[in-house]
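K.L.:
Assemble the complex: chain A is given as a structure, and chain B must be docked to it using the hints.
2 protein chains.
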Amino acid sequence: MNGVLDMMDRIQILQQNLQSNEIDGALIVSAIDVYYYSGTRQNALLWVPASGDPYLLVKKSFSRAFQESFLANVEPLKSLKELQKYIGQAKKIGLTLDVLPAQTYFYYQKLLPECIFQDISTLVREQRSIKSSAELEIMRKSASILCQIFKEVPDFLRPGVREIDLAAEFEYRARKAGHEGLIRLRAFNQELHSGHVLAGKNAAFPSFFDGPVGGKGLSAPYPQGPSRDVVQLNVPIVFDFVCVYEGYMVDMTRIFCLGDLDNKLKQAFNAALEIQNTLVQNLKPGAVSGQLFDQACSIAEKYGLQDNFMGYKEEQARFVGHGVGLELDELPVIALGVKNALLANQTIALEPKFIFPELGVVGIENTYLVTEQGGEKLTALDDVIFYL
Amino acid sequence: MNGVLDMMDRIQILQQNLQSNEIDGALIVSAIDVYYYSGTRQNALLWVPASGDPYLLVKKSFSRAFQESFLANVEPLKSLKELQKYIGQAKKIGLTLDVLPAQTYFYYQKLLPECIFQDISTLVREQRSIKSSAELEIMRKSASILCQIFKEVPDFLRPGVREIDLAAEFEYRARKAGHEGLIRLRAFNQELHSGHVLAGKNAAFPSFFDGPVGGKGLSAPYPQGPSRDVVQLNVPIVFDFVCVYEGYMVDMTRIFCLGDLDNKLKQAFNAALEIQNTLVQNLKPGAVSGQLFDQACSIAEKYGLQDNFMGYKEEQARFVGHGVGLELDELPVIALGVKNALLANQTIALEPKFIFPELGVVGIENTYLVTEQGGEKLTALDDVIFYL
Chain A
1 MNGVLDMMDR
11 IQILQQNLQS
21 NEIDGALIVS
31 AIDVYYYSGT
41 RQNALLWVPA
51 SGDPYLLVKK
61 SFSRAFQESF
71 LANVEPLKSL
81 KELQKYIGQA
91 KKIGLTLDVL
101 PAQTYFYYQK
111 LLPECIFQDI
121 STLVREQRSI
131 KSSAELEIMR
141 KSASILCQIF
151 KEVPDFLRPG
161 VREIDLAAEF
171 EYRARKAGHE
181 GLIRLRAFNQ
191 ELHSGHVLAG
201 KNAAFPSFFD
211 GPVGGKGLSA
221 PYPQGPSRDV
231 VQLNVPIVFD
241 FVCVYEGYMV
251 DMTRIFCLGD
261 LDNKLKQAFN
271 AALEIQNTLV
281 QNLKPGAVSG
291 QLFDQACSIA
301 EKYGLQDNFM
311 GYKEEQARFV
321 GHGVGLELDE
331 LPVIALGVKN
341 ALLANQTIAL
351 EPKFIFPELG
361 VVGIENTYLV
371 TEQGGEKLTA
381 LDDVIFYL
Chain B
1 MNGVLDMMDR
11 IQILQQNLQS
21 NEIDGALIVS
31 AIDVYYYSGT
41 RQNALLWVPA
51 SGDPYLLVKK
61 SFSRAFQESF
71 LANVEPLKSL
81 KELQKYIGQA
91 KKIGLTLDVL
101 PAQTYFYYQK
111 LLPECIFQDI
121 STLVREQRSI
131 KSSAELEIMR
141 KSASILCQIF
151 KEVPDFLRPG
161 VREIDLAAEF
171 EYRARKAGHE
181 GLIRLRAFNQ
191 ELHSGHVLAG
201 KNAAFPSFFD
211 GPVGGKGLSA
221 PYPQGPSRDV
231 VQLNVPIVFD
241 FVCVYEGYMV
251 DMTRIFCLGD
261 LDNKLKQAFN
271 AALEIQNTLV
281 QNLKPGAVSG
291 QLFDQACSIA
301 EKYGLQDNFM
311 GYKEEQARFV
321 GHGVGLELDE
331 LPVIALGVKN
341 ALLANQTIAL
351 EPKFIFPELG
361 VVGIENTYLV
371 TEQGGEKLTA
381 LDDVIFYL
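The listed protein sequences derive, respectively, from chains A and B.
The UniProt record's numbering numbers the first residue of the first sequence as 1 and each following residue consecutively.
The UniProt record's numbering numbers the first residue of the second sequence as 1 and each following residue consecutively.
Just so you know, the hints here were simulated from the structure itself, not pulled from any lab data.
Just to be clear, a hint being listed does not mean it is correct.
The list makes no distinction among identical chains, and a pair is therefore deemed to hold if it is satisfied within one copy or across any two copies.
Unchecked claim - EDC-like mimics (lysine to aspartate or glutamate), calculated; alpha carbons at most 20 Å apart, straight line:
hint, residue 1, residue 2
1, LYS176, GLU152
2, LYS78, GLU315
3, LYS78, ASP307
4, LYS91, GLU358
5, LYS176, ASP155
6, LYS339, ASP294
7, LYS59, GLU314
8, LYS264, ASP383
9, LYS201, GLU68
The model shown is predicted, which means the values in this text are computed figures rather than measured ones.
Just chain A, same shape as in the assembly:
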């Protein structure tokens, strides 16, 4: 599909959603949402009326936004005071209040005293969760870069190296292969640099990160990811990495080992595979997220591993998969109690993992496309533990 046509569709779908929610127009404020609807990630606001032409209002850089965007109306915005002119008679305005700072919200309220603001975070995030063929093509490329770097791990994983050395080696190769580096997360206070290399017990370190695995990190202000510890023999070494290519992310995890693993860990890895393979069969439009999570928990329980699934005991995360795309924490979330049904062409990182405080972490993560036939794997690498 042609990229520009694809992007014009996005505006039309947003307009339909605005109309059916009786919202007069959306003021798109988050840079990555602006990119999604306009084709440029300059510093700009995008005004999308429920019907009629959108306006891209650019703070910096105008010349570049003008060149990059496929929209017809790209104009410089010298001051937010000019906003009223574009918004005209619209009264009910949609804003993504999940990311807009309160300070800016109040400033908009002051500038547009006649307007009522409505939260359209979920509406935008749901639209973005469904990927077009153009987006999928990019994600497949992102996945192929990431798989390639995973295949190179045996070239640099050696006894005596530190976790941070392994992360540096992985990041170095990924950057040279086109990884854009910065990992965009939508949730307030969540953050991640490239990914995790965590060996043995360090992988089981609890963390602020909204995931099953966090790591020890380098310091208290950066308490996540690789540490300066040397990786040991006969422990699981978790490589959980993200590649960003043309803005789109894929996420995957494989376990490597210098030597051999405890049978308990091998069995837990098999449980993770069983969870993955069961869920993948059901990764179809209409499947209910919460039910998929329950399925995963049942399998964990069957193996007697319910206390180790997605965290240890009180540190457990209550999800097993998350949407990926322009952000790492997209919809849908395969989590406890979520009643939403999956939609065709959503892209989901499934990551069943088991955490053993004394031994480390085993599990698997691949990025899938939701199809009528079940999950289609985008991250084409063997689902095995790599023993070196």
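P.N.:
Frame of chain A; chain B shown alone:
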């Protein structure tokens, strides 16, 4: 100074500021502010009453926050509904509305219907801008790592390499030396991955980034930083990098060149040095930021370079320096019209740069400490163009 004592002082200073602003207490919500006041960057809220003991209320990970924080009262927060219990009779509550998402703000409003919220963003940011001796010690270490990597540039800057290769090499060495990777920025929609390597014209590419230099980048969704272009001979190659060590950043820029540069660029580099050296003499408590910026502009004008200073013509940024510390965009800002006076022990990256659309960018950046004797340079590397 002992780190823990240092952090206790921070709480006391915040409490004094709350009292003098007649605010009953601060609910600290941003992870890095929570770290600053509590010693842990887990997922937590910090309640600091105007007088009395603060409470750290931890969402995830409690066990780790309990271990990391120096505060006496560290408690798990199962639900935000428990907040009222801690806030008690306090009515006027300070929040950093510059970063708190509007959605969360409205949720707090619902949970605490009796409370009035007041923006304390500037109060917190101003306190954080003044560094203790413990913080400065960390920043000196961060600077020494960064300078070391700059010294290694001649080892990997060769004809035929691409900008992205140079970035990968720099990042690789920095990571192995302890660079924590993720660069924290406070401003909405601003972001940066490690730094910039930009050669020739590419450095003059306009960008969304709130800085003089942005670069071409790898794609429209990541339109900043290094590109896949091969660096040419006889052009200025800008290395603008940040090191994060124990959470604290320093920022510096040097120009490298394979061959020789146009005299116009050499003269502009001298102008940048003159601006730096003039401003450094005045980097004293009491100096007014806007006047320092005006001084910089006067020197640019003296050289006939007013259209090239900090951006080209309509793309010009109106600042020449920014605070650095736990975030890259801290206070103070040395910018047009800013009436604030500098304070002792603020840390500032000064970055006078000249942009020539057809030739590239020259300039310099160092991180300084504001002292009674003027700016003390933390980034100890020669202020020269490195010809290879």
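K.L.:
At most 20 Å between CA atoms: does that hold for LYS78 and ASP307 within a copy, between copies, both, or neither?
P.N.:
Result: close only across copies, 19 Å inter versus 56 Å intra.
K.L.:
When no copy is specified for LYS339 and ASP294, does a C-alpha distance of 20 Å or less occur within a copy, between copies, both, or neither?
P.N.:
within (12 Å within a copy, 59 Å between copies)
K.L.:
If the cutoff is 20 Å on CA atoms, where do LYS176 and ASP155 land: within, between, both or neither? Let me know, please.
P.N.:
Intra 16 Å, inter 17 Å, cutoff 20 Å: intra and inter.
K.L.:
When no copy is named, should LYS59 and GLU314 be tagged within, between, both, or neither for a Cα gap of at most 20 Å?
P.N.:
between (46 Å within a copy, 11 Å between copies)
K.L.:
Evaluate LYS264 and ASP383 at a C-alpha cut-off of 20 Å and name the case that applies: within, between, both or neither.
P.N.:
Only inside one copy: LYS264 and ASP383 sit 18 Å apart there, 58 Å across copies, limit 20 Å.
K.L.:
Should LYS176 paired with GLU152 be assigned to within, between, both, or neither, using CA atoms and 20 Å as the limit?
P.N.:
Both. Shortest intra-copy (13 Å) and inter-copy (19 Å) distances satisfy the 20 Å Cα cut-off.
K.L.:
How would you classify LYS91 and GLU358 at a CA-CA limit of 20 Å: within, between, both, or neither?
P.N.:
neither (58 Å within a copy, 46 Å between copies)
K.L.:
Could you figure out if LYS201 and GLU68 sit no more than 20 Å apart (CA to CA) within one copy, between two copies, both or neither?
P.N.:
between (47 Å within a copy, 18 Å between copies)
K.L.:
Quick one: LYS78 to GLU315, C-alpha cut-off 20 Å, is that within a copy, between copies, both, or neither?
P.N.:
Only across copies: LYS78 and GLU315 sit 12 Å apart there, 48 Å inside one copy, limit 20 Å.
When the structure is compared with the earlier hints, a violation turns up for hint 4 alone.
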